[in-house]
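Student: Below, each chain spelled out in residue letters.
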Amino acid sequence: MRSHDVDSGVVRFVLDGQTIEIDNPPPTRTVLQWLREDVGRVGTKEGCAEGDCGACTVVVLSRSDGATKLDVQAVNACIQFLPTLDGKELLTVESLRAPDGQLHPIQQAMVDCHASQCGFCTPGFVMSLFALYKNSRGASHQTIADTLSGNLCRCTGYRPIVEAATKMYAPKSDAPTTDTHGAHSSSDWLTRFGSTDTGATDKLVRLTNLRRSSSLAVENPSGRFYSPRALGELAQLYFEKPQALLLAGGTDVGLWVTKLAKDLPSIIYLGEVAELRAIRVDANHLELGAGVTLTRAMEPLSQHFPQLTELLRRYASPPIRNVATLGGNIANASPIGDSMPALLALDAQLVLRLDDVTREVALDDFYTGYQQTQLRAGEFIQSIRVPLLGSHQHMAVYKVSKRFDQDISAVCVAFCVSLNNGVITHVRLAFGGVAAVPLRAKKAEQVMLGQPFGEECIHEAMGALRDSLTPLSDLRASSAYRMQVSCNLLWKLLLQFSGQLDVPANLGAGLEHS
Amino acid sequence: MGEQSVRDAAASVSADNGGGGAQEGAISAIGQPLAHDSAHLHVTGLARYCDDVAEPRNLLHAAVGMSTSAHADLVHVSLSRVRSAPGVVLALSAGDIPGDNNCGPVFDDDPIFAPGVVHYAGQSIFAVAATTVIAARRAVHHAQIDYRESPSILTAREAHAAGSYVLPSEQLVRGDSRAAIDGAAHRLTGAVTLGGQDQFYLEGHIAIASPEEDGAMHVLSST
Chain A
14 MRSHDVDSGV
24 VRFVLDGQTI
34 EIDNPPPTRT
44 VLQWLREDVG
54 RVGTKEGCAE
64 GDCGACTVVV
74 LSRSDGATKL
84 DVQAVNACIQ
94 FLPTLDGKEL
104 LTVESLRAPD
114 GQLHPIQQAM
124 VDCHASQCGF
134 CTPGFVMSLF
144 ALYKNSRGAS
154 HQTIADTLSG
164 NLCRCTGYRP
174 IVEAATKMYA
184 PKSDAPTTDT
194 HGAHSSSDWL
204 TRFGSTDTGA
214 TDKLVRLTNL
224 RRSSSLAVEN
234 PSGRFYSPRA
244 LGELAQLYFE
254 KPQALLLAGG
264 TDVGLWVTKL
274 AKDLPSIIYL
284 GEVAELRAIR
294 VDANHLELGA
304 GVTLTRAMEP
314 LSQHFPQLTE
324 LLRRYASPPI
334 RNVATLGGNI
344 ANASPIGDSM
354 PALLALDAQL
364 VLRLDDVTRE
374 VALDDFYTGY
384 QQTQLRAGEF
394 IQSIRVPLLG
404 SHQHMAVYKV
414 SKRFDQDISA
424 VCVAFCVSLN
434 NGVITHVRLA
444 FGGVAAVPLR
454 AKKAEQVMLG
464 QPFGEECIHE
474 AMGALRDSLT
484 PLSDLRASSA
494 YRMQVSCNLL
504 WKLLLQFSGQ
514 LDVPANLGAG
524 LEHS
Chain B
10 MGEQSVRDAA
20 ASVSADNGGG
30 GAQEGAISAI
40 GQPLAHDSAH
50 LHVTGLARYC
60 DDVAEPRNLL
70 HAAVGMSTSA
80 HADLVHVSLS
90 RVRSAPGVVL
100 ALSAGDIPGD
110 NNCGPVFDDD
120 PIFAPGVVHY
130 AGQSIFAVAA
140 TTVIAARRAV
150 HHAQIDYRES
160 PSILTAREAH
170 AAGSYVLPSE
180 QLVRGDSRAA
190 IDGAAHRLTG
200 AVTLGGQDQF
210 YLEGHIAIAS
220 PEEDGAMHVL
230 SST
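Just so you know, the protein sequences line up as chains A and B, in that order.
Quick note: the first sequence, position 171, residue 184 per our numbering, numbers continuous.
Quick note: the second sequence, position 113, residue 122 per our numbering, numbers continuous.
There may be inaccurate statements among the hints.
[To be verified] Here are some chain A residues pointing at chain B (derived, C-beta under 10 Å):
id	residue
1	Gly53
2	Arg110
3	His127
4	Ser129
[Claimed, not checked] Covered by chain A, per the in silico footprint, the following chain B stretches (three or more residues, Cβ under 8 Å):
id	region
5	41-53
6	59-69
7	141-150
8	205-212
In short, the hints are calculated from the structure, not lab data.
Values in this document were obtained by computation on a predicted structure and should not be read as measured data.
From the three backbone atoms N, C-alpha and C, an ideal C-beta is built for every residue, glycine too.
For reference, chain A alone in the conformation it holds in the complex (with noise of 0.2 Å):
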């Protein structure tokens, strides 16, 4: 049994210096709908509900695992749900401007760039911009491109935005502003460059201040929110509970509740067990807890891994990739997770807990049919155990999507390839977007091993996709077009691993054009 305090229901969180304690509040509310309906500030727009066009994007800081600094991330305001913000800091456009009037440089330099027509998305623009200028020194133009896959403008082409990013490091000292030059203003966190500034030291001792002394546990008419705040904890909490919904991003939960409009009433919220975070290398595997998010997961799957970094570059978009987690991606069992291709081409294992006993699986026994997994009820992903890539082993991934950032797959892939004298001694085809769950092409797997690597057995492995796969149209791609581009896919790793990448003259020999 866990004590309650009398508020263990009470969000709090920090806005403008001040704290905000919000009493059992509906558990799907979202911050944006608080901000713009229940406190009225209208700086934050809506413009998707979907967590893709970032009108909505917001800072917040919190304390990082070891509580040693801030972390300052841009997330979509209108997909998080509001008891999320349990513990942490949330910075809006309002919160930019100094109470002397004084622009922030990013707000500035998209004044001086005329980085705004209609102005509806800039809010946006200048809240994932503002986490950029706090998270380095400097940013070359890939950078800022990459920043912004997850804002959306219409109107200026994003010409003049990227300049203003450029520019908001070197402010003008005779930049006209809408106000007075002030004295130094409680701004100055904001404007100063690092994390480690006296600023930044008070936000953090007041986070410390809010720590909690036993879980959030949120009771609303609506429904039920908890977050537990240990690995032990979370186990028996859904155990008991098992019919109650586990959230980590909630970036497609959230639009469960925004676009599907559906009642949650049980939620069990995993952002505060730091075990869950818990990154572990050894001489074998790289192990990654099921709540690590993608963007902490980038740079040691890159380390390990650098043919999946296109592929992490463009997944969702740095708002999503801040809280969505590998856990939340894999038990999602979506068709078209993004990193599902890639764990099952690297022989990923999960560890599975159901209260205090743990077991592997390997994804590729993971899904049991559309949307179904091997989970228990009561049983979650603890962590992701990937075996580390052998010098002999090649690996390549291509992702296909109508846009090249911040898109839903049509087809993404990963093979995985090790050969010894030209013969393939092992291979692994992994796809997603290509049937009801993501999935290894065993059949032409089959075809391959033992063959030289070459034309010939790519032309036979072709043939055997078509057994393996049962694309769907949608309105990404249709199902020709999927099994054309799977088939085209598997051409183009032979052309890579040759070293070459021209497009062949020939490629549609033996293959059927619709």
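Following the hints, position chain B against chain A.
Tutor: The following block gives chain B in isolation, referenced to the frame of chain A:
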């Protein structure tokens, strides 16, 4: 105004103002990078959009019931379960419009509610007003609509092959293109397909209608 007199005007304005300062006159603004009038409001989130206006008390929220068929006769539309859904105050369709069921800005071809036939998926068939946004959106799904589907033409090529045009075709002609092409030393043939584009700013379409005295209606609308 001739160029000589423009220069004279600039010189006289400049002289009046002592030759400097922000008020040199309209001439000096040309070629200068002036900030958007509202830029400081955009970047601070202080610019006001329709959805930012404080909601009036007792505001009802509307949701639109849209066609799921690209081309069909509406054989039967029943809104009885929509009307009895939680929070619903009112549901309206084509038969409820007292005036002209058309909102086309130029041609008389854009019904407000589909008059018995739908011509595109997403065409509005009815609207429901409820006490909350969620109640209105949920109520939409309770409509019972029977469609009798017809074939639909979805590309320009299909339309051209079927002789089906939104507006009569027009030709803009100057000179004798046939003769010029036939007499050209080199002739190239090809096809270009271009998707239609419309400027689509990010703000959602929204309007708030407030009844006033004597049957008047105040409408605040995004533009």
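Student: Against this structure, judge whether each hint is valid.
Tutor: Now the hints, each set against the structure:
The restraint placing Gly53 (chain A) at the interface with chain B holds, with a minimum CB-CB distance near 7 Å, inside the 10 Å limit. With 10 Å as the threshold, the beta carbon of Arg110 (chain A) comes within range of chain B, its nearest partner Cβ sitting at about 5 Å, so the hint holds. A least Cβ separation of about 6 Å between His127 (chain A) and chain B falls short of the 10 Å threshold, and the interface hint therefore holds. Contact between Ser129 (chain A) and chain B, as hinted, is supported at the beta carbon level, the nearest pair being about 4 Å apart and thus within 10 Å.
Coverage of a stretch by a chain is defined here by at least three residues with a beta carbon nearer than 8 Å to that chain's beta carbons; for the region 41-53 of chain B and chain A the count is 10, and the condition holds. Coverage of a stretch by a chain is defined here by at least three residues with a beta carbon nearer than 8 Å to that chain's beta carbons; for the region 59-69 of chain B and chain A the count is 3, and the condition holds. By the rule of at least three residues with a Cβ nearer than 8 Å to a Cβ of chain A, the coverage given for the region 141-150 of chain B holds, with 3 such residues. A count of 5 residues in the region 205-212 of chain B with a Cβ less than 8 Å from any Cβ of chain A is obtained; the coverage claim is therefore met, three being the minimum.
Hint compliance for this structure: every hint is met.
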